[in-house]
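**Student:** Listed in order, the protein sequences are those of chains A and B.
Counting with the working numbering, you get residues 1 to 842 for the letters of the first sequence.
Counting with the working numbering, you get residues 843 to 1091 for the letters of the second sequence.
It cannot be assumed that every hint is accurate.
Unchecked claim - Have a look at the derived ranges for each label pair, beta carbon to beta carbon:
1) Pro-470(A) with Glu-882(B): 31 to 37 Å
2) Gly-865(B) with Arg-828(A): 26 to 32 Å
3) Ile-17(A) with Asp-880(B): 33 to 39 Å
4) Ile-17(A) with Leu-1083(B): 47 to 53 Å
FYI, nobody ran anything at the bench for these hints, they're computed from the structure.
Backbone N, C-alpha and C fix where the C-beta goes; we use that ideal spot for every residue, glycine too.
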Amino acid sequence: MFRLSLKSILARKGRMILTALAVIAGTAFLSGVFIFTDTMRGEFNTMFGDAFAKTDAVVRSASSVKGEFDEARRDRMADSMIARVAAAPGVDEAEGGVTAIAAITVGDKIIGQDGPPKLGTSWSPSDASPFTLAEGTAPHGPDQVVIDRGSAKTGKLKVGDQVTITTIKGVRQFTITGIATFSGRDSSLGATWALFDLPVAQEFVTGEPGKIDEIYVTGDGSMSDQQLVESIQKSLNDPSVEVITGAQMTKENQDTISRALDALMIFLVIFALISLFVGSFIIFNVFSISAAQRAQENALLRAVGARRSQVTLAMFTEAVIIGLIGSVLGCLGGIGLAALVLKFLTSANFLPSDTSLSMKPTGFVITVIVGVVVTVLCAIVPAIRSGRVPPLAAMRDVAIDRADMSRKRLIGGVVVLLAAIGSIAAGLTGDKQLLGLGAGLLFVTLIVLGPLLAGPFARALSPLFTRISPVAGRLAARNAERNPKRTALTAGALAIVVALVVTVATMGATAKASVRQIFSESVVADYTVSGKQAQLGLPPTLMAEIQSADSIDALAWAVSFVNMKSTSSADKPASARATVLDGAQAQRILQVNFQSGSFAALNSDTMLVSKRNADDNSIKVGDTYDVTTQNGVTRQVKVAGIVDTNLFGARILSRDLFTDSGQLMLDFAVFVKAADPQTITTLEQIVKKYPTAQLQSRSQYISDQSSQIDGFLNFIYGLLGMSLFIAVIGIVITLLLSVYERRREIGLTRAVGMTRRQVRASVLLESLLTSLLGVLLGAVLGVALGWVVFQAIKDEGLSVYELPMSWVIYTAVGAVLLALAAALWPARKAARSNVLEAIATT
Amino acid sequence: MTSDPRADALPAARAIEAVKIYGRDDAEVKALDGVTIDFERGKFSAIMGPSGSGKSTLMHCMAGLDSLTHGSVWIGDTQLSTLNDKHLTELRRTAVGFIFQAYNLVPTLTAYENITLPLLLGGTKGDQAWIDRVIDTVGLRDRLKHRPSELSGGQQQRVAVARALASQPTIIFADEPTGNLDSRTGAEILQFMQRAVADLGQTIVMVTHDPVAASYADRVVFLADGRIVDEMYEPTSDQVLDRMKRFGE
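Chain A extracted, bound-state conformation (with noise of 0.2 Å):
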């Protein structure tokens, strides 16, 4: 039975290759998130491991918090812990580091993408930096810098000029002294590098002059790493810093960015996988009908002498087979994709020009794994059905799939929906996971359901397509009834697609519609200052400026972390996130409730919390704190107020708090009152001193915050564009099975008369059709799971439901014309079809 397969097969290369086509579009997107993710993990790692080659050992402070991708924020020590490392035995060599946020600008232009990193450091001469001179000198005293050569390439600058570097200590003007190469490339992953001497930046870009954050050792060669590493400590006999391996500072790194990248990933492979469902309908779809296309052959098969067994297992090789034709072919097009994506980030800067592609075999082998398992599973069904083909169907004509079990499958549907709607109900009162099931019985709904309405849609919609066309509309609204099964497969694989993008567009408008309102309410500021870049933030220098020029009332708003616990609880302290601001700013500029206290009781030895954050953890009013900063440094915090918004996290922490913790903070914000044209004035001028910042209206600033929420949802939607693809292929594929198994009937009706035309027509009308029942389908889908979506997280901080009226039309427009656009090449190979080939009797 293998060689039936085989043969059989080979003998329909055509539908093999329309069946793996759906396999190959699912399991591509599959396999190009694992060779993307694995080339992104390959970058990094050599990346550190160039940066930490020729380092030995790394000394370091042992008081650390988290920070925001549990990455360690450590306090920094004094110089001369230098000298002490230096006096070990077996170092030969020891250099004192600092690196913090410093952006490199031209004029009022930022180098550098948004996204990777714009950080300042201190030159070092010794041969265990990764950064060597290209050309130009080593940067010396306080106006001098020496950039990458990737900032030098993309801002056209060269040894000599001038540029403006802004740190949390402000801004300054430096000449370009020396272009650097990291590792031999032009710089680090897209990142700009500003270096200067030690000194300079320990007092320009950290802030704080005779400390530094790393020490980085090269061993005489006396002692193995991990010896050199004893020493040290043996030498040190210093509990308040910690020595490890430069192997061990690698890994570190790694692991951190390993975390992040595994984060993307699972990001990623939820959208693959999102796609390899509305794929498995395509190839249930195909199997389906290949299975009623085979029908006689089967039963020929039957009928002399095969067992029920060896025609359902000849079936399922055959799915073996083409899964795993199609998922090897998928990691083909996954590379491409890749391919596709790196060349994008190459040309943007983010990735130098010389990366290749990688990926793990682990990658390769669960792309195939899920590529077979999901071809397999997709041809259950139909492999059954085909067994159970009756030996004397070979003696039939056209196999006709009709819907089977219509009243099982009423039942079915009717009972899954409730299921589903009452999950719901119960899920808008108690355990939020129910709203999950909820929505995902829904789906199953559709796909229970969807055959069943298939039909009389079609019904409803002939006489509309009647009078389009009298004979074409009229055979694509029968042809769309007569195989409800396939047609519903078809719009529902649309359906899902176009679900989601209303779901994700109600998400997004909600989020938006939220944060303006939060923000109309409770920000009684007539001007923002922000960073250009979220990620570079504002010097406190500028609040500073503003603050010393005569009344303005102004917030800067900052976000850091603190190791904390409640003092109550023996458990350890863990990192947690908070809004610092100055109680007396924000009296002045904020107008939120609260449960009870007020800004006026927030100073360094209190805290506020949101009320959400009171209800989840059973916070009170006068409740104790133990808050670490990153000098390790503790104090004892009081709740001294629970307020009522979503403006802020989980917690508020008085910037008195920090005072001499070393923790570096930007703020992210500045809001100003200021009513008269004198203080727009001067609010201006001081803006205009920093290059990365920017002055924007109440307004401008809220629609600001709100496109930013656009980025994030343009981003998932083309991830979702990928699922829109395979349902578009699907239709491709359904429509080009259906007008395959018809060609007799097209041939009858093109040697009676209709032109070819009218034959496009047909296959046109029939795939408007289909595509409407989808887009109708899912819009009402999607409308409902956006709907349970705002429930289930509408106490995150959302708190404004809008439903975006104009995307589901957009939506439901843009797959109709795609639809359309798609059954060209079918309908064209209908119109083509021989006539005489197509009634030739035997």
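Take the given structure of chain A and dock chain B to it, following the hints.
**Tutor:** Chain B only, in chain A's frame:
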């Protein structure tokens, strides 16, 4: 049926020195080798011949489904080789009717829709009185709303006959119309076709290898190796069978 006396004088269809060659060089097959023939109006003609004699090819070429290599074919006063695909399609819709052995009907359309399909395709209403007469002639009045799958083989073929008649074409081509039917049902269909010629004044050309079917025709033309080798008027099935047997020799 036609008012133009000059057109009436012409045969319904005619082939002149029709040559059809399939394949090239070594694989060349001469399916038609210089066939010249007229099919008169208001007559029921049959084309017979052994397998591979070119009878189906002749029919396909005369009906505008296939094109000749040399020579010309005419439907009424229209030479087919002068028509492009669009006009050929129009000609098939208005001037030619078809009855095939199988796959004769569009499965998604009702019997009535199938009958009026050529009219629908042309966007014309047709002559309702004529259509009613055709429907009554083939006896399908009570089956009009049924789909083909709900009809017996004989009923399906009657729908096909009615469809061929519906547009009052110049000529109707039937390709083994009884090939898939039992002899009783087949006889019924042949009688309908006879009546269409005798009572309704239609012209039918039928390709068949069944001597009994051929005996219903007014005239039988015998084809062998792409040439006309014989013809017979008012044949009986025995005469036809005898003539056919001689091909085997």
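**Student:** Confirm or reject each hint.
**Tutor:** Outcome of the hint check:
1. Pro-470(A) with Glu-882(B): 31 to 37 Å: At 35 Å between Cβs, range holds.
2. Gly-865(B) with Arg-828(A): 26 to 32 Å: Roughly 27 Å apart at Cβ, these two residues keep to the hinted range, so it holds.
3. Ile-17(A) with Asp-880(B): 33 to 39 Å: violated, 50 Å
4. Ile-17(A) with Leu-1083(B): 47 to 53 Å: holds, 50 Å
Consistency note: the structure conflicts with earlier hint 3 alone.
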